[in-house]
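**Q** Chains as they are written, first to last, in this note's numbering: chain A, 211 to 728; chain B, 4 to 204; chain C, 14 to 611.
You may find that some hints are simply not true.
Stated by the list, open to error - List time: in silico BS3-like cross-link candidates among lysine-lysine, alpha-carbon distance up to 30 Å:
{"#": "1", "chain 1": "A", "residue 1": "K237", "chain 2": "A", "residue 2": "K630"}
{"#": "2", "chain 1": "A", "residue 1": "K684", "chain 2": "A", "residue 2": "K318"}
{"#": "3", "chain 1": "A", "residue 1": "K412", "chain 2": "A", "residue 2": "K318"}
{"#": "4", "chain 1": "A", "residue 1": "K375", "chain 2": "A", "residue 2": "K318"}
{"#": "5", "chain 1": "A", "residue 1": "K412", "chain 2": "C", "residue 2": "K471"}
{"#": "6", "chain 1": "A", "residue 1": "K630", "chain 2": "A", "residue 2": "K418"}
{"#": "7", "chain 1": "A", "residue 1": "K265", "chain 2": "A", "residue 2": "K684"}
{"#": "8", "chain 1": "B", "residue 1": "K105", "chain 2": "C", "residue 2": "K191"}
{"#": "9", "chain 1": "A", "residue 1": "K412", "chain 2": "A", "residue 2": "K399"}
{"#": "10", "chain 1": "B", "residue 1": "K179", "chain 2": "C", "residue 2": "K41"}
{"#": "11", "chain 1": "A", "residue 1": "K725", "chain 2": "A", "residue 2": "K630"}
{"#": "12", "chain 1": "C", "residue 1": "K191", "chain 2": "A", "residue 2": "K418"}
{"#": "13", "chain 1": "A", "residue 1": "K399", "chain 2": "C", "residue 2": "K471"}
{"#": "14", "chain 1": "B", "residue 1": "K179", "chain 2": "C", "residue 2": "K191"}
{"#": "15", "chain 1": "A", "residue 1": "K418", "chain 2": "A", "residue 2": "K237"}
{"#": "16", "chain 1": "A", "residue 1": "K630", "chain 2": "A", "residue 2": "K546"}
{"#": "17", "chain 1": "A", "residue 1": "K399", "chain 2": "A", "residue 2": "K418"}
{"#": "18", "chain 1": "A", "residue 1": "K418", "chain 2": "A", "residue 2": "K318"}
Treat the hints as calculated values from the structure; they're not laboratory data.
If you want the building blocks of each chain, they are given just below.
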Amino acid sequence: MQFLQNNLLTLLIFLPTGGAVLTLLAKNRDAARWTALATTLVTLALSLVLLITFKTNFGAVQMVQEGDWIPAFNIKYKVGIDGLSLPLVLLSTFICALAAIASWNIEKMTRGYFALFLFLETGILGTFLAIDFFLFYVFFEVTLLPMYFLIGIWGGPRKEYAAIKFFLYTLVGSIALLIVLIGTHLYTKDAATGLGSFDLVKLPLLIKAAIANGSMSMDVVRWFFVLAMICFLIKVPAVPFHTWLPDAHVEAPTAMSMILAALLLKMGGYGIFRVAYPLFSDAGRELWMIVAFVGVLSILYGALCAMAQTDFKRLVAYSSVSHMGFVVLGAAMMTKTAANGALFMMIAHGITSAMLFFIVGVAYDRAHHREISRFGGLATTMPVYFGLSAIGIFANLGLPGLCGFIGEIMVLLGSFEAAKPGSILIQSGAASTRQIYPFAVSACLGVVLTAAYMLWTIQRVYFGPERAEYRGFKEVDSREQVVLWPLAVMALLLGILPTLFVFSYTDSTVETLFKLFR
Amino acid sequence: MNSIASILALSVDAQTVPAVLFYLFAGISAASALGVVLSRNIVRTAVCLLFTLVGVAGLYFLLESEFLAAVQLVVYVGGTLILIVFGVMLTSKSPFSRFEPKAGEVVVAIAACIILFAALVMAIRSADFRPQTLDTTQKYPVVALGQALLGDYLVPFELASVVLLVVMIGAAYLAKSRKRDDKRAVARGAATLSQKARQWS
Amino acid sequence: MSLLSLLLPELILIVAASGLLLLGLSNKVASRRLAPVVAMLALIVTFCIQIYRVKAGGGPTQHDTFGGISRDGSIYGTLRIAEFAQYIKLISLGIGILLTLLAWPTNDDATGNSALHFGHDAGEFFALMLLSLTGLLLVAGANDIMLLFLGIELASIPTYIMVSVSRPLPVAQEAGVKYFFLGAFAAAIMLFGFSYLYGTTGATNLYEIMLNLHPKDASGIIDWGTRITLTPWQSLAVLMLVAGFAFKMAVVPLHFYVGDVYQGAATPVTAFLSFVPKASGFVALIKLLFALGGPNWLLPEPIVRANGTGLLWVLAILTMTVGNVLGLLQYNVKRVLAFSSVAHSGYMMAALAALATSQFVSPASNVKTTGLQAVLFYLAAYGIMNIGAFGVLQLLSARDGKDSAETFEDLAGKGRHHVSLALSMAVCCFSLTGIPLTVGFMGKLMIIKPALAAAIAKTPVGMSSVRPAMTWLVVIIMINAAISAAYYLRIVATLFLRSEEHAHPATAPHAAPHPAPRPHPRGHHLADHAHPVDPLFTRHTMPILLAVILSVAGTLLFGMIPSATELLGNGVQSAARIEGDIPQALPGLSDKAVAASK
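Let the hints inform the model, and build the full structure from the sequences given.
**A** Here's what the structure looks like:
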């Protein structure tokens with residue numbers, strides 16, 4: 211037990227890698243599938259152990275495991291977990307297990323597919339658990355490679371274009387982050403070694419010290435913040451940088467769309483909360499308006515684009531852009547409520563987007579197209595499917611009682627809170643109430659738009675007269691139900707008991723985070 | 004008579020003779036170097052090169068570097084140049100083959116030359132030509148030269164022989180392989196790269 | 014250490030090369046089979062000697078930092094085999110082993126392999142390879158401009174011959190002749206520069222040149238803290254030298270030959286070209302800069318200007334950008350790798366440009382050491398990862414029975430049939446892009462570090478800031494990393510994401526709208542899918558496969574395993590430190606030299 215306690219996180223990260231190797235050695239397609247599924251399930255089970263060992267009121271990073279990796283640069287292998295990462299880790303293992311089931315119908319190069327899939331899981335978990343900046347960067351960028359191949363080899367007709375676009379966009383962001391990585395290393399001095407630091411726990415304090423003693427000017431802090439934000443905003447993706455997402459989603463196989471939307475986008479949001487804001491909180495405070503603008507723009511523009519789509523999957527992709535805008539806005543507002551809301555939003559969106567992409571996949575498997583206008587009457591044809599889809603769609607549009615609602619409302623409340631005297635933004639003089647209100651109000655408009663396009667979609671796809679060509683469609687089979695039911699249940703549970711599932715873990719960490727912002 | 008003698012003595016003093024010789028040799032070198040560049044007949048070019056090298060050898064004599072001058076005459080004039088002429092005569096189809104550079108190439112070459120010439124003039128004008136006192140204690144510079152070559156500069160000296168060996172092997176090897184390849188290329192009908200590229204574009 | 018033992022690696026290689034030349038006289042198949050074995054043995058022995066020396070070499074006192082036959086008892090003769098040289102020798106020999114493996118004859122009659130054809134002249138071919146490597150080793154140890162020049166030429170001249178004979182095609186002849194004439198021209202320019210350097214300083218010894226260039230105070234003690242000013246004549250000499258080296262390094266504007274030459278040469282020779290002459294150019298440039306800047310690297314005006322720009326900066330930016338943009342426009346993978354080689358020279362120049370600004374920033378930024386470290390590390394990293402890429406190209410051609418697999422269409426869809434090979438190619442391409450967990454990423458990290466350190470370092474009082482120049486440098490490195498990712502990714506995409514049927518040259522962005530289909534004169538294309546015996550894993554192709562495996566393993570190992578990176582890192586660190594410090598015994602020499610110059 212002690213061993214497990216000490217090595218749990220490392221085990222969690224590298225278990226999928228081991229599974230990937232086993233998958234490659236598998237004799238046939240079925241063996242590969244089952245190995246992969248077993249690996250994701252064991253990883254899920256292991257991650258649930260975290261719920262027992264995690265100390266909820268601790269605030270700081272816990273269960274740290276640390277070792278030298280490249281001492282010449284003071285690079286460490288350091289993993290740990292706190293309230294920011296725990297919900298995301300659980301989400302990752304959960305979604306990966308479901309995605310493994312969702313990938314059951316992959317026939318082409320099955321072993322390669324599942325091996326890459328498991329490598330991807332390692333990368334995702336590593337990103338969420340790394341406490342060393344360098345390690346974080348490595349995992350962050352290494353997730354690119356499996357995803358690139360998974361889209362590029364198993365994707366749709368324009369897979370090559372989509373894969374390369376995805377890779378290049380994210381790589382540009384990574385290069386920006388690389389500058390920040392080396393820059394912070396150069397500016398800080400670790401007391402123990404005299405070398406620059408990569409420790410994400412120590413770095414905020416070291417950077418504050420560097421600013422205080424004048425060795426790091428505010429200009430540099432601002433630039434580093436902007437570079438880091440560019441990287442994460444590309445990943446999120448926020449509006450000026452979002453164009454890779456619809457292409458990647460449309461071409462990616464269903465399971466990869468699920469992972470892309472539910473987990474890879476979260477790496478961007480997580481980076482904002484783990485790197486950009488804690489390290490450069492001063493710049494974050496000063497530049498709040500730009501970040502908030504990007505957030506609101508994403509919300510509105512994403513929603514409007516979603517409304518204009520004729521392709522079901524593209525619509526869901528744009529709705530992701532819109533929803534992740536709330537995460538960006540939540541970060542920009544710098545209030546605890548907004549931050550908690552943003553974190554919740556990430557989890558909620560992870561559940562609902564995975565569900566929606568799978569729902570699109572189910573429809574596509576039967577109809578072999580995704581044109582919304584050619585659908586209709588599916589509610590009559592496939593009642594169970596419609597029921598589950600309705601849960602997903604309503605959770606996504608933010609119906610109270612389902613998970614989407616909590617995130618949106620918390621971010622909006624937090625935004626209005628930021629306009630009150632005493633909030634960080636007001637207190638520091640970076641913003642005035644008058645400046646904050648427009649953002650909060652336009653974000654509310656986003657909620658309305660979301661409801662509009664989602665309801666319209668339901669109407670076009672599920673309602674209306676039953677169409678003759680879809681009459682033969684078989685109802686969702688047991689495998690598909692196995693994927694959809696847990697997601698539906700989670701959407702409901704998160705909506706009803708948000709504190710139990712998310713806030714009890716994030717609260718103390720957000721508290722710690724905000725001590726840095728003051 | 005006396006006055007003429009005195010004028011002659013005045014003008015032909017120790018300073019003037021080297022000066023006249025210097026301008027003579029330098030003029031020969033420069034003029035024949037121009038000839039090398041401007042002549043389109045390859046044999047004439049070779050002959051002009053001969054005069055250039057002789058002129059430079061003369062300059063070495065004037066600088067009291069008799070050994071260098073002798074080496075220049077023996078190796079370059081006697082050896083290398085004869086080899087070049089032989090090479091031209093043996094390899095080219097006509098002994099009087101001509102260079103036909105394109106107009107564009109000439110323009111580029113002239114421009115490059117002007118830039119280089121300007122840079123050289125600027126550099127030389129800025130140079131500090133202080134009179135150097137020569138070390139005349141050693142009567143035979145050849146001795147010092149030999150000692151340096153087999154002493155301090157043993158490694159470069161030996162390395163030079165390795166480089167020459169490589170050049171020799173390379174020349175022989177290329178000449179041999181060309182014969183071999185001509186046959187094979189004809190047999191296979193292989194296209195050159197440029198032809199391939201042309202096909203594609 | 015005596016002269017002989019100092020030159021032991023070079024001597025072993027020259028003796029082996031001579032033996033190979035004799036072996037080349039025999040026309041028997043057995044002698045051709047023996048030739049690469051002899052070359053390999055010689056390289057392995059010298060490599061082991063180098064490992065031993067690098068391991069044994071601690072501080073400058075333990076180590077014999079000066080050697081050669083010294084002039085009038087002064088400590089630096091024509092040779093200086095310090096840590097710097099030992100490190101360069103180590104990586105050159107290690108990469109030389111891989112290059113020899115790539116050139117291994119695999120034909121039944123041992124007249125070459127699928128990509129390379131040296132006919133009956135295996136002995137001569139491998140002798141030339143060894144001699145070229147010897148040249149590089151001598152450049153590493155050279156402390157005299159004569160030795161430096163001869164070393165560079167010894168490294169280069171064999172490559173001219175190797176290019177021409179490497180394929181029985183007029184293409185290769187064309188490439189060889191082109192390379193030879195341009196190389197000879199560059200050598201002439203370089204020699205011109207060397208002669209002026211000699212003329213203006215009166216010395217051929219690099220240390221004496223350094224001593225003579227630097228200002229002295231009244232008592233004849235050299236002031237290492239002042240930056241020298243070059244006279245126009247000296248500047249011209251330096252410009253000519255840099256131009257000559259730039260040709261070897263494939264640095265813009267003397268990069269124009271790489272496309273045709275790299276494409277024309279056989280793949281193993283191309284791999285050779287992308288390392289040996291390039292490394293010799295960089296080592297020579299570092300030596301020249303050291304002579305100009307002194308132990309404190311206070312480089313003079315045209316090399317670096319007070320605001321951080323200057324010759325190195327301009328060359329770095331031009332080379333990176335031109336190399337990557339041209340790489341993006343190619344349809345031939347070998348040409349892509351050729352221009353990628355140009356771009357990588359640019360990255361190394363960027364580290365040198367950052368190193369050059371060390372005099373204008375506070376010493377705390379440590380730009381001096383990290384800059385040199387970056388170049389030294391990158392040379393090794395580039396050598397390792399690049400060989401893998403060329404090796405895969407070569408093996409793919411072996412598999413298809415073509416002369417060469419070099420256009421994108423040749424590679425299309427190969428990832429489906431030759432998964433392991435294509436994965437190796439992917440690893441190398443990702444490493445060249447600079448994705449983490451590969452040696453290329455470590456290299457890129459080390460390149461950006463000094464540039465960024467200079468960009469954010471404090472400017473000492475009374476100096477103009479290098480910040481804008483260095484910031485631009487970092488930004489341009491970033492942009493270039495993104496551009497280069499596009500074409501490396503295109504290679505990977507062609508291998509994995511494209512199918513063989515759909516491949517056609519129109520996928521290249523610049524190709525004509527209706528390209529003529531490429532002729533398949535021997536009809537191998539149709540036979541592709543039916544391989545009765547996999548020709549990849551025969552006994553003969555093993556050496557090439559081994560080279561690829563070693564290269565890929567090295568790429569991953571040095572990128573991932575800390576101890577391995579440390580091993581190389583430590584070598585790099587000590588090499589950078591020693592070359593950058595004033596040697597202990599130098600004051601004695603300076604007195605003497607000053608007395609002599611008076």
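**Q** Would you mind marking each hint as holding or not holding in the structure?
**A** Here is what the structure says about each hint:
1. For a cut-off of 30 Å, the pair hint linking K237(A) to K630(A) is broken: about 63 Å separates their Cα positions.
2. Taking the CA atoms of K684(A) and K318(A), the gap is about 24 Å. The hint holds against a cut of 30 Å.
3. For a cut-off of 30 Å, the pair hint linking K412(A) to K318(A) is broken: about 46 Å separates their Cα positions.
4. Straight-line distance between C-alpha atoms of K375(A) and K318(A) comes to about 23 Å, which keeps the hinted pair within the 30 Å bound.
5. At roughly 23 Å between alpha-carbon atoms, K412(A) and K471(C) fall within 30 Å of each other, so this suggested pair holds.
6. Between K630(A) and K418(A) the alpha-carbon distance is near 26 Å, which keeps this suggested pair within the 30 Å criterion.
7. Of the pairs offered as hints, the one joining K265(A) and K684(A) is violated, with about 47 Å between alpha carbons and a cut-off of 30 Å exceeded.
8. The straight-line distance between the Cα atoms of K105(B) and K191(C) is roughly 18 Å, inside the 30 Å bound, and the hint therefore holds.
9. For a cut-off of 30 Å, the pair hint linking K412(A) to K399(A) stands: about 10 Å separates their Cα positions.
10. The suggested pairing of K179(B) with K41(C) holds, with an alpha-carbon distance near 18 Å, which does not exceed 30 Å.
11. Our distance criterion of 30 Å between C-alpha atoms is met by K725(A) and K630(A), whose separation comes to about 19 Å.
12. The straight-line distance between the Cα atoms of K191(C) and K418(A) is roughly 59 Å, outside the 30 Å bound, and the hint therefore fails.
13. For a cut-off of 30 Å, the pair hint linking K399(A) to K471(C) stands: about 16 Å separates their Cα positions.
14. Only pairs whose Cα atoms come within 30 Å are accepted, and K179(B) paired with K191(C) is accepted, the gap being roughly 19 Å.
15. Of the pairs offered as hints, the one joining K418(A) and K237(A) is violated, with about 55 Å between alpha carbons and a cut-off of 30 Å exceeded.
16. Taken as a hint, the K630(A) and K546(A) pair is honoured in the structure, with Cα atoms around 13 Å apart against an allowance of 30 Å.
17. At most 30 Å may separate the alpha-carbon atoms for a hinted pair to count; K399(A) and K418(A) meet this at roughly 12 Å.
18. At roughly 52 Å between alpha-carbon atoms, K418(A) and K318(A) are farther apart than 30 Å, so this suggested pair is violated.
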